[in-house]
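K.L.:
Could you put together the complete structure from these sequences and hints?
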Amino acid sequence: MITGYRATVDLRALNRPVQALLAVRIRPPSREVIEGFKTYLMTLPEVLSVYVVAGSDDFLVHVAVPDVDRLHAFLMDRFSGRREVVDFRSSIIYQHVAGEAIAPLE
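The sequence shown runs 17 to 122 under our numbering.
Hints in this document: simulated from the structure, not taken from any laboratory. Keep in mind that the hints are not guaranteed to be accurate.
To be verified - Here are the in silico distance ranges between beta carbons for each label pair:
| # | residue 1 | residue 2 | range |
| --- | --- | --- | --- |
| 1 | E122 | I18 | 19 to 29 Å |
| 2 | N31 | E122 | 40 to 50 Å |
| 3 | M17 | V84 | 32 to 42 Å |
None of these values were measured; they are calculated from a predicted model. Glycine included, C-beta positions come from ideal geometry on N, C-alpha and C.
P.N.:
Encoded structure:
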């Protein structure tokens with residue numbers, strides 16, 4: 017059941033205290049475009065996690081940056097110019113609580 021272990025990183029110590037979730041829509045929603053955009057996202061140092069999701073958005077992207085100005089620059093420089101990106105929204109994360117244990121469902 018356990019597939020690995022991870023270290024918990026103090027993002028403040030790395031000067032990346034501002035975290036956000038980015039909801040991204042891309043077009044056309046093809047396997048090739050989704051895989052290409054996912055690969056692109058994982059090359060960006062600001063990106064912590066990428067989720068390909070169902071619904072009105074295609075991706076949720078978890079990022080960490082030094083400040084809000086850097087978040088804005090990231091969005092303008094890394095998303096606005098991408099041909100496949102048709103829309104994105106950002107939500108600043110105020111608090112994040114991660115579960116420590118997972119119990120089996122009954």
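K.L.:
So, for every hint listed, does it hold in this structure?
P.N.:
For each hint, the structure was consulted:
Under the hint 19 to 29 Å, the C-beta atoms of E122 and I18, about 20 Å apart, fit the expected range. One distance hint, 40 to 50 Å for the beta-carbon pair N31 and E122, holds here, with the actual separation near 44 Å. Restraint check, M17 to V84: a C-beta distance of roughly 40 Å satisfies the suggested window 32 to 42 Å.
Of the numbered hints given earlier, the model fails none.
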